[in-house]
Each structure stands twice: as C-alpha cells, then as structure tokens.
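J.: The sequence shown: position 26 = 25 (numbering that gives the first Met the number 0), numbered continuously.
Be a bit skeptical, because a hint or two may be false.
Unchecked claim - Here are the computed distance ranges between Cβ atoms for each label pair:
1. 76 / 15: 50 to 58 Å
2. 37 / 68: 36 to 44 Å
3. 15 / 86: 27 to 35 Å
None of these hints come from the bench; they were simulated from the model.
Where a beta carbon is used, it is the ideal one built from N, C-alpha and C, also for glycine.
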Amino acid sequence: MHEPETLTTLWPILVYAGGVVLLVTIMLVASYFLGERHKETVTDRVYESGIKGTGDARFKFPIHFYILAMFFVVFDLEVVFIVAWAINAKALGWAGYVAIATFIGLLVAVLIYEWRIGALDFGPSGKKILKRYHEKYRTEPTQIIKDTQENQRVTA
Numbered sequence: 000m001h002e003p004e005t006l007t008t009l010w011p012i013l014v015y016a017g018g019v020v021l022l023v024t025i026m027l028v029a030s031y032f033l034g035e036r037h038k039e040t041v042t043d044r045v046y047e048s049g050i051k052g053t054g055d056a057r058f059k060f061p062i063h064f065y066i067l068a069m070f071f072v073v074f075d076l077e078v079v080f081i082v083a084w085a086i087n088a089k090a091l092g093w094a095g096y097v098a099i100a101t102f103i104g105l106l107v108a109v110l111i112y113e114w115r116i117g118a119l120d121f122g123p124s125g126k127k128i129l130k131r132y133h134e135k136y137r138t139e140p141t142q143i144i145k146d147t148q149e150n151q152r153v154t155a
C-alpha cells in the first residue's frame, strides 16, 4: 500500500513538534528536581548591579510615550515591506513601482496626519514629568547623582 503524500511530507514537522514538546518537558522536569525550594529575604529584593534601590519605581509616564512606541513599531514594520520591494524591484516592473509609491505615499500621509493632530508633539510634557518626579521625591537632579555615588562607595 502507498502512504498518502501528505503524510510523507508532514512527518518531519511532526517529528520536530514532538522533539520540541519532549525537550520542553525534560527542561521543566529537570528544573523541578534540580531547583531550590527555599525562600530567603534577599530573594524579593531588586538587584541593580550592586547598588541599593532608592525610591519607588512605579512612576507613570504620559500616554504619548506609548503612542510614540507604537508609531515606531508600525513604521519599523513598513521598512520590511519596502526592503522586500527593493530586492525584487526589477522583476516587479512598473506595477510594483506604482504599488510601492502608493504605499510610501500613504505612509507619508499618515505621518503628516499624526504630526498635525499633535501625536508627535510631547516635548514640553517630558520636562513636566521630571518636574513632578523631583517634586514627589523632593530631590534635585544633582542630589540623585550624589546619592548614586554614595551608594557606590558604600558597596565598594
């Protein structure tokens, strides 16, 4: 009897998937048996290269920073499409050129729109963030530098 062709083409993928599941299982079982089970007080402390932590790390940033990060991801992803077009530009001919020109035109239009609505304008609020931080912790920027230097001397 002949095996179906799909089974012969799928067996390497099934072997690979089985190997992955087996490897993950071995790693989890090994970490369970080899890992430590006791908890010490230093386990929950933050480690910052030997410098003792000061203050609270829970500081909220304005939404503009997250929006800018999303814009970066979107525009960074578009570079993948442009590079793929550039590799095959000769083979795609004029149809590919028109398509990529339209694509880049849309990118420019979106960038102009974001700029006009003020999504990229958050310079002054960055200064407000630092001002609020110093008001909250009653420090000056130079004081933070001095505290860091003192912590380094103590740990050295």
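J.: Output the numbers, in ascending order, of every earlier hint that fails for this structure.
T.: Hint 1 alone not satisfied by this model.
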